[in-house]
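Number of protein chains: 2
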Amino acid sequence: MTPPDPRAARSREAVLVAARELLLRHGPAAVTHQRVAEQAGVGRATVYRHWARAELLLLDVMAGADLPFFREPRSPVRPWLHAQLRLLAADLAQPEVRAVALTLMHGALWDTHLAEQRDLFVATLTDRLGAALALAAGTGEAAGLPGADEAAALVAGAVLYRTAMQNGTVSDAFLTRLIDGLATWRAG
Amino acid sequence: MTPPDPRAARSREAVLVAARELLLRHGPAAVTHQRVAEQAGVGRATVYRHWARAELLLLDVMAGADLPFFREPRSPVRPWLHAQLRLLAADLAQPEVRAVALTLMHGALWDTHLAEQRDLFVATLTDRLGAALALAAGTGEAAGLPGADEAAALVAGAVLYRTAMQNGTVSDAFLTRLIDGLATWRAG
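As you go down the protein sequences, you meet chains A and B in turn. Heads up: the first sequence begins at 1 in our numbering, then just goes up one per residue. Heads up: the second sequence begins at 1 in our numbering, then just goes up one per residue.
No wet-lab data here; the hints were simulated from the structure. Errors might be hidden in some of the hints.
[Unchecked claim] Counterexamples of contact, computed for chain A against chain B with all Cβ distances above 12 Å:
hint, residue
1, R7
2, L23
3, A65
4, P76
5, A90
6, R98
7, T103
8, T126
9, G140
10, A156
11, R177
12, D180
[Stated by the list, open to error] Stretch-level coverage of chain B by chain A, calculated; a stretch enters the list once three of its residues show a Cβ under 8 Å from a Cβ in chain A:
hint, segment
13, 7 to 19
14, 33 to 41
15, 95 to 103
16, 141 to 153
Idealized CB from N, CA, C, for every residue including glycine.
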């Protein structure tokens, strides 16, 4: 993945900066070869040379960004978790984000770079969810919690399947059921 | 996907029959271009012509087979569901089956044939799980159940994420938690 010369490295970095700006300002759908090339002031061929498909570029941009998911848990944890899962569902409702998630899952089977990115994403989600659940356990808000990795599989897996496999909408009742299944909750 | 001439159609069918036999006798890892070609009595190039990658052949074989998952629910439903999810987890623990599932999820974004197969798989799982949950509701074994599509997302999504994203083992405690989160259960 390392470009062979400094000029290529500079153009690659310029493209990443431009893509990150487009992502933050206009959302994932804006991260196309055309718009990124314009924003970076490079030819479209340059973008294609580094990223053959738009979702691979978007993936690298999202991997470099500090994703806001499940960050800074607050007490009470239960409504905070509901809001976080709502954000995750809204993001996965966007076709571009879904494409990134599925490219990561699928491509990781053969591509070690993608496997590392997947493992990093999985670890980040697990750590953050684990911190939130530890907070809930510490205040006595939740009891009987699973380990952080199992908790991540329960909540993220369900939202991912609902959006990416079923193309379904994620209702509040669905999220409530998901969270209630995770632990015995008391008013926080 | 339709072969252009009767001879190609015959060789395609012979390959599918051979692949199905290998799958049933020796499991998904046996469905390789080499072994399928030998079993079908055709050249390896013939198999490659119809299916460029082994997991696409395996996918077509599995799509044609009547998958045993969640079929014929029995009362009490709770232990039956546990056993079914154990089978699903064991299958997804095999790299070839995981590759098929992820190829289906990912490829369906661009390929209408794969999207149809994904939708068929999703519908089958939903229908069968729905029948099992209806049985549990009818006997009074379970109350407060979600709709069949949400139930499928809750259980299949969690098992898929645990195996395909986390490369994790699916413990009995994990499955019990999953099932307990689905409804209020009484001894059946």
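Here's how the hints hold up against the structure:
Distance check on R7 (chain A): its Cβ is at least 33 Å (rounded) from any Cβ of chain B, clearing the 12 Å threshold; non-interface status holds. Residue-level check passed: L23 (chain A) sits 19 Å from the nearest beta carbon of chain B, beyond 12 Å. Distance check for A65 (chain A) against chain B: the nearest CB is about 20 Å away, which clears 12 Å, and the non-interface claim stands. Separation of P76 (chain A) from chain B is adequate, the least Cβ-Cβ distance of about 20 Å exceeding the 12 Å criterion.
With a least beta-carbon separation of about 16 Å from chain B, A90 (chain A) lies farther than 12 Å from that chain, consistent with its non-interface assignment. Listed as outside the interface, R98 (chain A) is inconsistent with that label: its C-beta sits roughly 7 Å from the nearest C-beta of chain B, within the 12 Å cut-off. The Cβ of T103 (chain A) does not lie farther than 12 Å from every Cβ of chain B; its closest approach is about 6 Å, which violates its non-interface assignment. With a closest Cβ-Cβ approach of about 8 Å to chain B, T126 (chain A) is found to fall inside the 12 Å limit, against its non-interface label.
Chain B leaves G140 (chain A) outside its interface by the beta-carbon criterion, the shortest separation being 20 Å against a cut-off of 12 Å. At roughly 6 Å, the least C-beta separation between A156 (chain A) and chain B is not larger than 12 Å, which violates its mark as non-interface. Remark: the non-interface label on R177 (chain A) conflicts with the geometry, its nearest Cβ contact in chain B lying 6 Å away (cut-off 12 Å). Not every C-beta of chain B lies more than 12 Å from that of D180 (chain A), the closest at about 7 Å, which undercuts listing it as non-interface.
Look at the segment 7 to 19 of chain B against chain A: 0 of its residues bring a Cβ nearer than 8 Å to a Cβ of that chain, fewer than three, so the hint is violated. Figure legend: the segment 33 to 41 of chain B, annotated as covered by chain A; annotation inconsistent (0 residues with Cβ-Cβ distances under 8 Å, at least 3 required). Look at the segment 95 to 103 of chain B against chain A: 5 of its residues bring a Cβ nearer than 8 Å to a Cβ of that chain, three or more, so the hint holds. For the segment 141 to 153 of chain B, the stated coverage by chain A is satisfied: 5 residues place a CB nearer than 8 Å to a CB of that chain, which reaches the threshold of 3.
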